[in-house]
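Those protein sequence lines, which keep their order, are chains A and B.
With the first sequence counted from 1, adding 97 to any position gets you the working numbering.
So in the working numbering, spot 178 of the second sequence is number 163, and the numbers just go up one at a time.
Everything labelled a hint here was simulated from the structure, so no lab data went into it.
Any given hint could be a false lead.
Derived list of chain A stretches under chain B, where covered just means 3 residues or more per stretch with a C-beta under 8 Å from a C-beta of chain B [to be verified]: (1) 122 to 133; (2) 141 to 153; (3) 164 to 172; (4) 183 to 192.
Restraint ranges, calculated between C-beta atoms of paired labels, are given here [to be verified]: (5) B/A176 x A/R214: 29 to 35 Å; (6) A/A209 x B/T(-11): 26 to 32 Å; (7) B/V149 x A/D144: 43 to 49 Å.
Reference excerpt, derived from the structure (chain A facing chain B, CB under 7 Å, subset only) [unchecked claim]: (8) T110; (9) R177; (10) S212; (11) Y215.
In this text, a Cβ means the ideal position worked out from N, Cα and C, and glycines have one as well.
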Amino acid sequence: MLLRASGERDDRTYDLSAVTDDQGDSGVAHSDTIRALTEAAVGNRWDELAALRDRATAILGEQAMVDVLTVAAGFNGITRVADATGIPLDDRARAATEDMRAAVGIDRFHYAQKSARYDIATGEVSAYRSASSSSG
Amino acid sequence: MYDTPYPVRPELKRKHLEAWRLIASPGPFLDARERVQIVHEARAALSCDLCRRRLEALSPNAVAGVHDAVSDLHPALVDMIHRVRTDPARMTKSVFEGVLAAGIPAEHYIEAVSVVCTSVIVDTFHNALGLPVPDTLPPEPGPPTGQEPPRVVDADAWVPLTDVAVEDGVFGLPRSPNIARAMGLVPGAVALFFLAFRAHYALRDVPLDISQAQAEFIASRVSAINECFY
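Just chain A, with the same shape it has in the complex (with noise of 0.2 Å):
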């Protein structure tokens, strides 16, 4: 929503399916920099960010590159906030992203579904078991 929000601010539309997609140009200014490093740092691939510490200080400078950094790191622990305590978006926001939820393909990480989808594989790994255990 904030993404798109900034999209609004200045004029531009950002293709928002960038965000869940692996790749893709979402439009943003340097997006495919900004990209990699983030991902590189989220997914604790150490060995792989000197180098792209190096290629993004050429595109970006080096001041921007560490930003993109701290707010790549500012989101890794904020998510997990959110992701421990289970909390819903809130009112407004859910009525005003709705379409674009669907769009985006977001819906899919709602607590309760993955909840449910995690607990129903645990519940067919369990059944699995047992009947290989008295199978066996």
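Model the placement of chain B on the given structure of chain A, informed by the hints.
Only chain B this time, still in chain A's reference frame:
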């Protein structure tokens, strides 16, 4: 912290150091030793064999075992810490309920979540800059501080949220969005986490050398990777 030629912003350095000191101080429900142990557990999770096997599984809940723990924290708390650190995308309510079922109060859970997530910010930023993670500080002696009963309300989260009047903020968000209310059961947990986080982002006029749109793209991408619905 941050002994590097890279231009780390002074405000961020100061806030991280304050947060690091706060972690090594008694919290509302956990003593300083326990809080520091939580940081050590979060770090140990990255090389934990059970966590690795769970990451490879269809469902983390399908893989039983014992974590490679480095503390004497309750096993249910260790499990939560390792999951939040290594596999936040697949955190489920059953993990939270498992902690409660082990006799650990929700307030302890919240305080531990705050410490883990604060340490994730600090460690991620160090690692991203090619720096070793900082040593934890010696835990201060003394019992947990306790707290005044906070005003909370059931709002369809796993935990009660801070009870606040709904007021409009910016960009269609309320002045106090749910993410700021999520740890409201333990106001000290809110204070610790946002002490570290605030230097990383702003909803508008982000005080960094990147545009707001670039900041939102990064935020959105991390949220997608961690499957953060919020």
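Checked hints:
1. Under the rule that three or more residues need a Cβ within less than 8 Å of chain B, the assignment of the stretch 122 to 133 of chain A holds, with 7 such residues.
2. Look at the stretch 141 to 153 of chain A against chain B: 5 of its residues bring a Cβ nearer than 8 Å to a Cβ of that chain, three or more, so the hint holds.
3. Note: the stretch 164 to 172 of chain A has 9 residues with beta-carbon separation from chain B under 8 Å; the three-residue rule is met and the coverage holds.
4. A count of 8 residues in the stretch 183 to 192 of chain A with a Cβ less than 8 Å from any Cβ of chain B is obtained; the coverage claim is therefore met, three being the minimum.
5. Between B/A176 and A/R214 the beta carbons are some 34 Å apart, a value that agrees with the proposed interval 29 to 35 Å.
6. At about 42 Å, the beta-carbon gap between A/A209 and B/T(-11) misses the expected band of 26 to 32 Å.
7. Against the hinted window of 43 to 49 Å, the Cβ-Cβ separation of B/V149 and A/D144 comes to about 44 Å, which satisfies the hint.
8. For A/T110, the interface hint is violated, the least distance from its beta-carbon to any beta-carbon of chain B being 11 Å, above 7 Å.
9. Taking 7 Å as the C-beta contact cut-off toward chain B, the hint placing A/R177 at the interface holds, the least distance being around 5 Å.
10. A hinted interface residue such as A/S212 counts as satisfied when its beta carbon comes closer than 7 Å to some beta carbon of chain B; here the least separation is about 4 Å, so the hint holds.
11. Given the 7 Å rule on beta carbons, the hint for A/Y215 holds: about 5 Å separates it from the nearest Cβ of chain B.
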